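Engineer: So you can see what is in the structure, the chains are spelled out below.
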Amino acid sequence: MTRSIDYGYAVSRLRAMENRLIDQGTLQRLLDSEDLAAAMRVLSETAYGKWILEQQGEDKFEAAIESEMKFVFTEMERFVPDPGLYQLCRLPYDIHNIKVLLKGLFNQKRGGTRRMDLLTSLGNIPTDDLVMAIESEDYRLMPFGFHRTVPECLMLWEQTNDILQVERVLDEKLFSLQVLISGEIGFEEASRFVKYRIDAENLRNLARLKRMGYDSALAAPFFHNGGFVSRDRIISLISEPFEGWERLLAFADVAKALSGAQEHGDLDSLLAELERSLDDFLTGVLEKFRYSSFAPENVLFFLWKKEIEAKNVRILLVGIGNGAEKSVLRRLLRNV
Amino acid sequence: MDQLGIMLAVLGAALAAGFAGSGSAIGVGIAGEAGAGIMTEDPGKFGLVLLLQALPGTQGIYGLLTAFFAILKVGLLGGAAVPVNVWQGLGVLFACLPIAIAGYYSGIAQGKTSAACIQMIAKRPEETGKAVILPAMVETYAVLALLMSIILLNSIQF
Chain A
0 MTRSIDYGYA VSRLRAMENR LIDQGTLQRL LDSEDLAAAM RVLSETAYGK WILEQQGEDK
60 FEAAIESEMK FVFTEMERFV PDPGLYQLCR LPYDIHNIKV LLKGLFNQKR GGTRRMDLLT
120 SLGNIPTDDL VMAIESEDYR LMPFGFHRTV PECLMLWEQT NDILQVERVL DEKLFSLQVL
180 ISGEIGFEEA SRFVKYRIDA ENLRNLARLK RMGYDSALAA PFFHNGGFVS RDRIISLISE
240 PFEGWERLLA FADVAKALSG AQEHGDLDSL LAELERSLDD FLTGVLEKFR YSSFAPENVL
300 FFLWKKEIEA KNVRILLVGI GNGAEKSVLR RLLRNV
Chain B
0 MDQLGIMLAV LGAALAAGFA GSGSAIGVGI AGEAGAGIMT EDPGKFGLVL LLQALPGTQG
60 IYGLLTAFFA ILKVGLLGGA AVPVNVWQGL GVLFACLPIA IAGYYSGIAQ GKTSAACIQM
120 IAKRPEETGK AVILPAMVET YAVLALLMSI ILLNSIQF
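Top to bottom, those sequences are chains A and B. The opening position of the first sequence corresponds to residue 0 in numbering that gives the first Met the number 0, with each subsequent residue numbered one higher. The opening position of the second sequence corresponds to residue 0 in numbering that gives the first Met the number 0, with each subsequent residue numbered one higher.
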């Protein structure tokens, strides 16, 4: 753990980098774009512009988003004193890559194809190393304890042929790793943020499973330990009507995210609203560091804002490309 | 005993220059780190950053000024040597303490405030005027300490 005063350089640099984030005016111009080509022109004026020029093809905005995120993560590696802070944010991409590779492996065994194009370069582990480790079945050098998790997943699939169970093991690994890393770096607020993220993920899963009609026994394995709200409490909510969740979770901070989503009648629109309000809730958790000049948590705040920005850009461009209504897109946008 | 009196006065001067200078060094360092962070992204802000980085440096100057004044008082800086007894030496030592202590802490505090204001101008360069005022508020207490040290030094009779 580094002393917080050592973050003077890092936080100042992040403040300057914040000027490159997409502002509300540009977001509005993106939203007002008539078609995808017009939206891409607006996006070209932002930090994503230099990456768009390098890309070809219709989905070049996806590649541009990935390139920009990769650039940000690479910059972080150069000046953030505690690697754990950005490793926390890159771990979901490692898990995503492992899921893609394992699913490809399982598909191949069934005579299907592998989708290497779904791999992302945003993880902590270089994609080539990951592919090499899984293809050669040599997991010894995989970091973050994946040398045990990957064989465990392979064994589980051999026994059950159930990809959902494999995904659950990997998700559980993701959250336990995040709890571990945030504990090791020793910044209390980083640990709290991870706990809030687990709460948010559990609530998100709860709403999805409720919509799919799962009962508590079936839904139980989809929830994760480590949040402020216990797993048992979350499981007990699945038999309750959605309107009662806020009251039953009133003791927890994450209940704030439910209040905005209560007004929606059907579960589909409620889910979309809940996703948005959970992201806004997590933004709110880190918001207080906006005024801390030396707080290491500013690294998390910046990376979170960058992730949300990428999400907003993706929502707008995919929506505009598919001709979605502007009012619908506006409702889906997250606050930054 | 005259030697001990002189040594106590020299100790006071050393503390004033040493502590206030250390506070300034730490403060300027903190502000400099913040400034480097901003200039990595936007080198055009060098002028504004330099101004804010220089602010915590004044405590070191106040410490030096007090130290000069103290050794001048006991005749170590030119002129005839003044006989200094232990009590007079102790008086000079105590008179140097306000700027030594306040200079050290206010230098660090001003460095932190300057760093925060450097971050402020990264986002709002048009607010530079306000950004300079905030660290200057911390300066007030270093100036008060300097005043007190000089008044105390002046009041010691040889």
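There could be a bad hint or two in this list.
[Claimed, not checked] Quick list of in silico lysine to any residue cross-link-like pairs, SDA-like style, CA-CA up to 25 Å: (1) K122/B with L26/A; (2) K287/A with L133/B; (3) K287/A with E125/B; (4) K44/B with G48/A; (5) K287/A with T127/B; (6) K122/B with G283/A; (7) K98/A with G48/A; (8) K122/B with Q23/A; (9) K122/B with E17/A; (10) K59/A with P125/A.
In short, the hints are calculated from the structure, not lab data. In this text the structure is predicted, and so the values were computed from the model without any measurement.
Engineer: Are the hints correct? Go through all of them and say.
Structural biologist: Comparing the hints with the structure gives:
For the hint linking K122/B to L26/A, the alpha-carbon distance of about 19 Å falls within 25 Å, and the restraint holds. For the hint linking K287/A to L133/B, the alpha-carbon distance of about 21 Å falls within 25 Å, and the restraint holds. The straight-line distance between the Cα atoms of K287/A and E125/B is roughly 24 Å, inside the 25 Å bound, and the hint therefore holds. Distance check on the hinted pair: K44/B and G48/A sit about 24 Å apart at the alpha-carbon level, within 25 Å; holds.
In summary, the hint linking K287/A to T127/B is supported, as the alpha carbons are separated by about 23 Å, within the 25 Å threshold. For the given pair, K122/B sits about 20 Å from G283/A by alpha-carbon distance, which is consistent with the 25 Å threshold. For the hint linking K98/A to G48/A, the alpha-carbon distance of about 30 Å lies beyond 25 Å, and the restraint is violated. A distance of roughly 15 Å separates the Cα atoms of K122/B and Q23/A; the hinted pair therefore holds under the 25 Å criterion.
For the hint pairing K122/B with E17/A, the CA-to-CA distance comes to about 8 Å; that is within 25 Å, so the pair holds. Only pairs whose Cα atoms come within 25 Å are accepted, and K59/A paired with P125/A is accepted, the gap being roughly 22 Å.
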